[in-house]
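Add chain B to chain A, keeping to what the hints say.
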Amino acid sequence: MLELLGSDSLYKFLRGPMCWVAFILFFVCSIYKIIRYTKQLSQEKVVFAYVKPQYALKSYFYWFLPFGTRNWRLHPYMNIFTFLFHISLIFVPIFLSAHNLLIYESWGISWWTIPDKLADIATIIVIISCFFFLGRRIFIKEVNYVTYLSDYFILAIVFFTFLTGFLAYHQIYTYKIFLNLHILFGEIMLISIPFTRLFHMWSFFFTRGYIASEFGYVRKVKDW
Amino acid sequence: MAEATQFNVVDPGIEEGLEKLTEKRKNEVLSKFVSILKKGRFDVYVNTCIHCGLCSDACHWYQSFKDPIYSPVGKVKQTIWEILRRDGKVDRDFIRRAAEIAYTECNLCKRCSMYCPFGIDIGYMMNMVRRLCHLLGVVPLYLQDTCNSHAVTINQMWVKEDEWIDTVFWQEDEGQGEIKNFYIPFDKEGADIMFSVIGPEPKFKPQLIQEVATLMYIAGIDFTFPSFDGWDNSDMAMYVGDFETCERIKRAHFEAAMRLKVKKIVMCECGHAFRSVYDVGNRFLGWKAHPIPVIHAIQLYYELLKSGRLKVVKKIKEPVTLHDPCNVVRGRGVGKYARYVLEQICENFIEMTPNNEHNFCCAAGGGVINCGPIWRGKRVAGNSVKADQIKRTGAKIVVTPCHNCHSGIADIIETYKLDVKNVFLVELLLQVVEIPDELKVEY
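Protein sequences, first through last, are from chains A and B. Counting in my numbering, the first sequence runs from 676 upward without gaps. Counting in my numbering, the second sequence runs from 8 upward without gaps.
Bear in mind the hints are in silico, worked out from the structure with no lab data behind them. Remember, predicted model here, so these are calculated numbers, not experimental data. Yeah, the Cβ is synthetic: ideal placement off N, Cα and C, and Gly gets one too. There may be inaccurate statements among the hints.
[Claimed, not checked] Cross-link-like lysine-lysine pairs, in silico, DSS-like; alpha carbons within 25 Å at most:
id : chain 1 : residue 1 : chain 2 : residue 2
1  : B       : Lys321    : B       : Lys428
2  : B       : Lys324    : B       : Lys424
3  : B       : Lys343    : A       : Lys897
4  : A       : Lys895    : B       : Lys343
5  : A       : Lys708    : B       : Lys313
6  : B       : Lys343    : A       : Lys733
7  : A       : Lys727    : B       : Lys46
8  : A       : Lys714    : B       : Lys295
9  : B       : Lys73     : B       : Lys39
10 : B       : Lys343    : B       : Lys270
11 : A       : Lys895    : B       : Lys271
12 : B       : Lys313    : A       : Lys895
13 : B       : Lys447    : B       : Lys322
14 : A       : Lys816    : B       : Lys73
15 : A       : Lys895    : B       : Lys73
16 : A       : Lys714    : B       : Lys322
17 : B       : Lys195    : B       : Lys210
18 : B       : Lys447    : B       : Lys398
19 : B       : Lys295    : A       : Lys733
20 : B       : Lys270    : B       : Lys195
21 : A       : Lys720    : B       : Lys195
22 : A       : Lys708    : B       : Lys84
23 : B       : Lys313    : A       : Lys720
24 : B       : Lys39     : A       : Lys708
25 : A       : Lys727    : B       : Lys343
26 : B       : Lys268    : B       : Lys343
27 : B       : Lys45     : A       : Lys720
28 : A       : Lys727    : B       : Lys295
29 : B       : Lys84     : A       : Lys816
30 : B       : Lys398    : B       : Lys318
31 : A       : Lys714    : B       : Lys45
32 : B       : Lys428    : B       : Lys403
33 : B       : Lys295    : A       : Lys897
34 : B       : Lys39     : B       : Lys27
35 : B       : Lys321    : B       : Lys295
[Unchecked claim] Derived contacts from chain B toward chain A, CB cut-off under 10 Å, selection only:
id : residue
36 : Asp128
37 : Arg290
38 : Val336
39 : Val427
40 : Tyr450
Excised from the complex, chain A in its bound form:
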C-alpha cells in the first residue's frame, strides 16, 4: 500500500489525468451550479426583484472586513481564525511558488508568488484553524448541536490537504508519499467544492447579496 502511495505511476496519474478531471469538475460543476442557483432563484419572483448591487457590495465589504460587523466583534477569536484561515486557504494554493512552477512547466505561464516562509506560516495557520474549528464543533454546545459527520468530513479534507502539503514541503518522513497524498487531497477538495457545502465559497455571494438588498433596499437598515 505504502509502495503504491509513493509510486511514480500514482504521481503521474494524479499530476496528469486526475488533475484535469479535478479542475474540470471544479470549474464546470461550479459554473453549472451557479447558473442553476441563478435560475432557481429567478423563478422565485421576490429574489432578484429586490437585489440591488449597491447594498450587496456594501454588505460584502463589511463582512469581509475583520471586526467589520457586530457579530464578528462579538466573536473575536472566531473572527480572527476564520479570516486567517480563509485568506490562507485561498491565497496559498494560488500563489505558492511550487504550484506556480508546476503550471510554468506545463504551460509556460506563471504569476506572482509568495515567499515560501510566508506560505509555511499560512499553512500552519490553516492547520491550527482546523483544530480551532474542530474544538468549536466538539466543545461549544450550540455548534456541537448542529454538527453532522459531513461537517467533520469537509474540515478533514482541508486539514489533510494542508497537513500533507506541509509535510511534503519539509520532506518529513517519505516525501513521495506525502506529495501524492497532498495532490490527492487537493483534488478531492476541488471536486468536493461544487458537491458539498464547501460551495459556500460561491453561494455566499448569493445569500449575502440578497439579504443585504432586503435590508438596505426594503428595510432601510444596515445588515452588519
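Below, chain B without anything else, positioned relative to chain A:
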C-alpha cells in the same frame, strides 16, 4: 435562568389538528413541502449553511435559555433539516414539535439573518414551517382564531362593522370632553391621511384611537378613518402561514385607501401590520412595494414635530428608554425618527444596549403572543435577556411603539418585577404637546 424543558404546554389547537390529520393529507402536504425545500431559496440556504452556530447569540430565546435547541440554526435543524433527512416521512410527534418551534419559539424577528455571516433568512424558513403546519391544520388555537376572524370579518378580533363605527363615535365623544369640536371623520374622500389601526385597538385599547386622533386634530391634519372593511391593518394570517387570507386582508386594506382616494396611509403603533404592508402582504398581491405611500405612526409624529405643527411645551422628566420594535426599526429603519421624537419630548432619554436594528425582540411578536395565555409562561421565560436589558437602562418609562411589544413587555415587567411602566409613544406625546387655546374646552 429557566430550564428549557420545564414547559409542557398542551395546545388544544395543535392537538385537535393532529387528531384530525389523516395519513393521506399528511403525506400529500409533506411530499409537496419537500419538493419546495429542494428548490428556490430553501435549497440555496440549506446547502450554504456551514453549521457554524454564529446565529445563536442573535436569538433572545437562546440568550435566555442558553440551550442549543433554541438557537436559530438549532430550530432549523429540528424542523427543515430533519424533514429533508427523512424525506418528508415524519410522524405526528415531529409535527407537534415543529409547530411548537415555528409558532412559539421563533418570533420571526430576523435578527439572526443579520448575524448569520451568510445572511441566511432563518425567519423566512421558520415562516415556511408555519405554512407547512397551516396546511396540515396544526396551528395553536388562539392564533388560528385570529386568522379565522380575519377570514370572516376582515379584522383580527371579530369586530363587526357597527361595533367599529360605534367605538370610534364613542371615542370621539370622549375626546370632546378635552378638545373643543373634536371629531373623527369617517370616509372623507381625498383626505391627506387614512389612519388605520389594528383590530385589538377597538377591542381592548379604544383610548388609543382617541389619543392619536386628538394629536392629528390638534396638528390640523386632514385625516380620516374608513368605516368599512379595510380599517384593520393587522395581519395574523401571515404568521399562521395562511397566505391566501393574508392576500385578502391586505387587498381590503389597500383598496380602502384607494376607495377613499387618500394621499397616504398612516399605520398605528404596530409592528407586524407594518411588516405586512411593506414586506409580506404586498408581495403576495404582486406589488413590489405598497401601492400607495404608507408610513408608520412614528414617522407621522416625527413629521409633525419637525414641521412645527405640534409644539412641545414641556418635557418628560423621568428617565425614558426605547424598545425598538423589530418590524418597525430592523424592518424599516424608523429608529432614527423615534429617537428624534424622544429627544424632543424627554429630558433624559437612555438608550438600551444593544439598540436600534440590533435590539432584541420582545418575544411577543411574530404571532407568538397571539398563541394565547397558555404559552405566556414560556414566552416570558424565553426573554429574560430583555428584562436584563430594560433593567440596565435604569429608566422608569419604556416606550414600546408596537402593540405586540407593548403587551409582551408588560408581561416581562410584571413577571420580572421591573420598576418601570411601558407606554405607547402617543401617550407621551399627548402629555407634552401644546393644545391651542381655541381648542381647549372651557368648563
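These are the hints, each one checked on the structure:
Using a Cα cut-off of 25 Å, the hinted pair B:Lys321 and B:Lys428 holds, with the two alpha carbons roughly 20 Å apart. Of the pairs offered as hints, the one joining B:Lys324 and B:Lys424 holds, with about 22 Å between alpha carbons and a cut-off of 25 Å not exceeded. With a C-alpha separation of about 13 Å, the suggested pair B:Lys343 and A:Lys897 falls inside the 25 Å cut-off, and the hint holds. Restraint check for A:Lys895 and B:Lys343: satisfied, since their Cα atoms lie roughly 11 Å apart, inside the 25 Å limit.
With a C-alpha separation of about 52 Å, the suggested pair A:Lys708 and B:Lys313 falls outside the 25 Å cut-off, and the hint is violated. With a C-alpha separation of about 21 Å, the suggested pair B:Lys343 and A:Lys733 falls inside the 25 Å cut-off, and the hint holds. In summary, the hint linking A:Lys727 to B:Lys46 is supported, as the alpha carbons are separated by about 22 Å, within the 25 Å threshold. With a C-alpha separation of about 20 Å, the suggested pairing of A:Lys714 with B:Lys295 holds against the 25 Å cut-off.
Proposed proximity of B:Lys73 and B:Lys39 is contradicted: the alpha carbons are some 34 Å apart, above 25 Å. The suggested pairing of B:Lys343 with B:Lys270 holds, with an alpha-carbon distance near 24 Å, which does not exceed 25 Å. Distance check on the hinted pair: A:Lys895 and B:Lys271 sit about 19 Å apart at the alpha-carbon level, within 25 Å; holds. Taking the CA atoms of B:Lys313 and A:Lys895, the gap is about 21 Å. The hint holds against a cut of 25 Å.
For a cut-off of 25 Å, the pair hint linking B:Lys447 to B:Lys322 stands: about 20 Å separates their Cα positions. Between A:Lys816 and B:Lys73, the direct Cα distance comes to roughly 9 Å. Compliance with the 25 Å bound is thereby established for this hinted pair. For the proposed pair A:Lys895 and B:Lys73, the alpha carbon gap of about 31 Å is over 25 Å, so the pair is violated. For the hint pairing A:Lys714 with B:Lys322, the CA-to-CA distance comes to about 56 Å; that exceeds 25 Å, so the pair is violated.
Simply put, B:Lys195 and B:Lys210 have alpha-carbon atoms about 23 Å apart, close enough for the 25 Å limit, and the pair holds. As the CA atoms of B:Lys447 and B:Lys398 are separated by approximately 39 Å, the hinted pair breaks the 25 Å bound. Straight-line distance between C-alpha atoms of B:Lys295 and A:Lys733 comes to about 22 Å, which keeps the hinted pair within the 25 Å bound. With a C-alpha separation of about 12 Å, the suggested pairing of B:Lys270 with B:Lys195 holds against the 25 Å cut-off.
The suggested pairing of A:Lys720 with B:Lys195 is violated, with an alpha-carbon distance near 37 Å, which exceeds 25 Å. A C-alpha spacing of about 24 Å is found between A:Lys708 and B:Lys84, which places the hinted pair at or below 25 Å, so the restraint holds. Straight-line distance between C-alpha atoms of B:Lys313 and A:Lys720 comes to about 38 Å, which puts the hinted pair past the 25 Å bound. For a cut-off of 25 Å, the pair hint linking B:Lys39 to A:Lys708 stands: about 23 Å separates their Cα positions.
Taken as a hint, the A:Lys727 and B:Lys343 pair is honoured in the structure, with Cα atoms around 23 Å apart against an allowance of 25 Å. Simply put, B:Lys268 and B:Lys343 have alpha-carbon atoms about 30 Å apart, too far for the 25 Å limit, and the pair is violated. Proposed proximity of B:Lys45 and A:Lys720 is supported: the alpha carbons are some 17 Å apart, at most 25 Å. Taken as a hint, the A:Lys727 and B:Lys295 pair is honoured in the structure, with Cα atoms around 14 Å apart against an allowance of 25 Å.
Taken as a hint, the B:Lys84 and A:Lys816 pair is honoured in the structure, with Cα atoms around 14 Å apart against an allowance of 25 Å. For the suggested pair B:Lys398 and B:Lys318, the alpha carbons sit about 32 Å apart, so the restraint of at most 25 Å is broken. Of the pairs offered as hints, the one joining A:Lys714 and B:Lys45 holds, with about 13 Å between alpha carbons and a cut-off of 25 Å not exceeded. The hinted pair formed by B:Lys428 and B:Lys403 meets the criterion: a straight-line CA distance of about 6 Å does not exceed 25 Å.
For a cut-off of 25 Å, the pair hint linking B:Lys295 to A:Lys897 stands: about 20 Å separates their Cα positions. A distance of roughly 20 Å separates the Cα atoms of B:Lys39 and B:Lys27; the hinted pair therefore holds under the 25 Å criterion. The suggested pairing of B:Lys321 with B:Lys295 is violated, with an alpha-carbon distance near 42 Å, which exceeds 25 Å. About 6 Å separates the beta-carbon of B:Asp128 from the nearest beta-carbon of chain A, less than 10 Å, and the hint is met.
A cut of 10 Å between beta carbons decides the hint on B:Arg290: the least distance to chain A is about 5 Å, and the hint holds. Hint on B:Val336 holds. Least Cβ distance to chain A is approximately 7 Å, under the 10 Å limit. Because the closest C-beta pair between B:Val427 and chain A is about 26 Å apart, greater than 10 Å, the hint is violated. The beta carbon of B:Tyr450 comes no nearer than 46 Å to any beta carbon in chain A, farther than 10 Å, and the hint placing it at the interface is violated.
Violated hints, listed in ascending order, are 5, 9, 15, 16, 18, 21, 23, 26, 30, 35, 39 and 40; each of the other numbered hints is respected by the structure.
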